[in-house]
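Number of protein chains: 2
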Amino acid sequence: MAKNFSKREDNYSQWYNELVVKADLAENSAVRGCMVIKPYGYAIWEKMQAALDKMFKDTGHQNAYFPLFIPKSFFNKEADHVEGFAKECAVVTHYRLKNDEETGNIVVDDDAKLEEELIIRPTSETIIWDTYRKWIQSYRDLPILVNQWANVVRWEMRTRMFLRTAEFLWQEGHTAHETKAEAVEETKLILDVYAKFAEEWMGVPVLKGLKTESEKFAGAIDTYCIEALMQDGKALQAGTSHFLGQNFAKAFDVTFVSKENKPEYVWATSWGVSTRLMGALIMAHSDDHGLVLPPKLAPIQVAIVPIFKNEEQLAAISEKVNKIKANLEAKGISVKFDDRDTQKPGWKFSEYEFKGVPVRLAIGSRDLENGTIEIARRDTLTKEVVEMEGVEEKIENLLEEIQENLFTKALDYRAENTYSVDSWDEFKEKIKAGGFVMAHWDGTAETEQKIKDLTKATIRTIPLDNPQEEGKCVLTGNPSKERVVFAKAY
Amino acid sequence: MAKNFSKREDNYSQWYNELVVKADLAENSAVRGCMVIKPYGYAIWEKMQAALDKMFKDTGHQNAYFPLFIPKSFFNKEADHVEGFAKECAVVTHYRLKNDEETGNIVVDDDAKLEEELIIRPTSETIIWDTYRKWIQSYRDLPILVNQWANVVRWEMRTRMFLRTAEFLWQEGHTAHETKAEAVEETKLILDVYAKFAEEWMGVPVLKGLKTESEKFAGAIDTYCIEALMQDGKALQAGTSHFLGQNFAKAFDVTFVSKENKPEYVWATSWGVSTRLMGALIMAHSDDHGLVLPPKLAPIQVAIVPIFKNEEQLAAISEKVNKIKANLEAKGISVKFDDRDTQKPGWKFSEYEFKGVPVRLAIGSRDLENGTIEIARRDTLTKEVVEMEGVEEKIENLLEEIQENLFTKALDYRAENTYSVDSWDEFKEKIKAGGFVMAHWDGTAETEQKIKDLTKATIRTIPLDNPQEEGKCVLTGNPSKERVVFAKAY
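Each protein sequence line maps, in turn, to chains L and E.
For the first sequence, our numbering assigns the number 1 to the initial residue and increments by one for each residue that follows.
For the second sequence, our numbering assigns the number 1 to the initial residue and increments by one for each residue that follows.
Think of the hints as simulated: they come from the structure by calculation, not from any bench.
Bear in mind the structure is a predicted one, so any value in this text is a computation, not a measurement.
One thing to keep in mind: the hints can contain errors.
[To be verified] Here are the simulated SDA-like pairs of lysine to any residue, each with C-alpha atoms no more than 25 Å apart in a straight line:
1. E/K432 with E/I375
2. L/K77 with E/D100
3. E/K54 with L/P39
4. L/K98 with E/A218
5. L/K47 with E/G60
6. E/K134 with L/K98
7. E/K54 with L/I324
8. L/K296 with E/D53
9. E/K188 with E/I221
The task is simple: from the sequences and hints, build the whole structure.
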């Protein structure tokens, strides 16, 4: 399977694109910028969804569903929001097709023009806050802690599978609160949920912090984010949690009667992660042999390949394997026993290696005699032959070890590629080479833009609990009180 | 909560609409024909999804995701399909908005017109078969057993929450097979899955059968369906499974090399159920006191209401309740202990009754002394005071009993409202009164249409394993070999 597969160092971008397709994760569709998520890729996304959904529910959130369509006029109501989103929207103008009498082809029916155009949601703050107006009268109706799993559309000009697609899948949380403090707390709670998920499930270490004014969400007071570092030294924004203040409550006139019996505007948050996480997952761990998956998100955690010459041998092996499989499954481990006779063992080894299955077992007739089995690890590409007795427990521990190892490796990579930089020359050099560059910045949007124009680097985040230190802006030399994190980004 | 709530016999339709809103299941949105599914309603849908998804996976299916958009030209490729669907589509014609310089409002940017319009999927056969062309070369690539959970849009003129909305949520399975026999088998397998889900989870008995030529899916060879009877005597099509023959393979040129090394067109099925099932669930069991839910799909299976005068009493009750709650949860039962002091017990009783919570417990200080607890059943509206000791097991059994009772009640209702009819006068009378009417039909589309024009009744299904008997068409008197099922329908 790994034939004609690019190497990371030769062409990282091509390596990524080939990996996505060859590992059966996704492919481009007939619709510009829209991908098809294939069953293997979707199975990983389902595992992500299940874990996140549980974390949301454990923190008191409920799911709901709001319309795909947003009336155009809703976008006029929040000034920053329209600036940020209206530029790249799919617009529904008609509701019927008809047969063209001359050509026989189907054409848009001009008689079926909508009075007001509908926008395919790029994000749902507007339609949701229009709805919340009806749900909220008193402080007793608060908080509202709602999430939705949905598809959204942003008409991006340059698309890449998972990382930036016209349509993508995501979850968007939209919460409503009595007080500013409570809303800020919610924003941070979700940031912690995202960071925990990225680190403990995806094995991807992330920086938690704030976005600058220029980089924040259109309509937010503050945008918090988690930022990860990919193997090519580029940053990837993996999730955002927005404190929206009373902006949307004011735009959609959502007030409540407080405990003190006074009308007040509601405080809001919104937060989301998307199928972009798939891109982060793929890029964080995978290598020149294909996909590498953390066990917690692998649809197949253990693949078992029998090595046999005839039916009789297969029958004897299967008897043993079925017991091991049942024992592993009883431990909650997902196992695939690949007893197909249409493919050779070597082909199967490559397949599971390329698809990132964390542990692969092989067992042949000699193993049966010796009471042994071969275990191969995808993360280290090492193999060992072990006693069959007690192999289930060994595998259980191994899966945990692999999960941990991937995280540690990614953490080490990030540490090796994070630089504290004080001169403009060094800044340029490090940004060019890739990595997180911690540098002083004078705090102005103007300088931020200049640095971006000169180096393509953006301020990825101002870390939470950032150490305060006096310094001089790396570009202007103006005074600064803290370093911020620069990088080129996806 | 049940104030101002219509009775079924006074106005069934109004009763339904009020129930959906007052039980917090859904509400109309600002977008014509699109609903907001509220958290409580969505929690029921999630339970449906989880059960169905498991059944699909247990029968070998995998999930995937295909684009929301379908290029207009794809609809031209399958002649029947375009006739059935193109009339009611949301059409995306532009991909950008801009500020109008004169008014300051945002308007559609005429410079951002798509070369080819995109249709919001009303169903995904076309985009999926365009994709399958790339996935299928050899018989080794078959079968493909894929499902997707998605939103679809059909621009219906008359909408009703859950039953018929412009946007709705559904699953659509799309499978590809080597042989006709295998595809037909798949179609029937899924019909059985749907029937099992409707009866065992929703508690709704269904007839399984074929649709007539006039009623079948646009593009299918055969459409199988499950049909349920609602409390107002109207039928509801609850799920369909289509044998598509080679129609889509031919339209999208999807061939495979067979075991005999010959190119052949692939055989197809598609099948779906939608949020319409929520409508069926609501209408099948609910009463003039509100929603009635089968325990297997109830987000809250047991609600516990403490009756207390002060903090001290509540503390003593809570201690006991928390143990019962933990024991119930250990049995996999979902419990809500409603210890709010902002609402009185009576208010809570009404709330859980209206929201269809299957079992409600009440416990006060006297119960603590006596070692008793009150159990109220939602389905029969009966109460009894029982020993607290062993109450968990009693509740576990009770939930099963309620599940069964709802199904039996619905089955009895259907039996009482199914008629075998041989004269046109009786036919008209029974159709007017409501119910399933089994009558002979001469097999022509013309007669089918005439009957519909005269009585609004349609042929809901030709049941599987339908007894063959000689008879005369109820309208024309022409010969017939079997009875078919007529009813007015949603």
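Right, here's what the structure says about each hint:
1. E/K432 with E/I375: Outside the cut-off at roughly 41 Å; violated.
2. L/K77 with E/D100: Given pair L/K77, E/D100 holds - Cα atoms ~15 Å apart, limit 25 Å.
3. E/K54 with L/P39: Roughly 15 Å between the alpha carbons, so the hint for E/K54 and L/P39 holds.
4. L/K98 with E/A218: Since the Cα atoms of L/K98 and E/A218 sit roughly 16 Å apart, the hinted pair holds (cutoff 25 Å).
5. L/K47 with E/G60: OK: L/K47 and E/G60 at ~18 Å, within 25 Å.
6. E/K134 with L/K98: Roughly 30 Å between the alpha carbons, so the hint for E/K134 and L/K98 is violated.
7. E/K54 with L/I324: 24 Å, holds
8. L/K296 with E/D53: Roughly 21 Å separates the two Cα atoms, so the pair holds.
9. E/K188 with E/I221: 14 Å, holds
Hint compliance for this structure: hints 1 and 6 are broken, all remaining hints hold.
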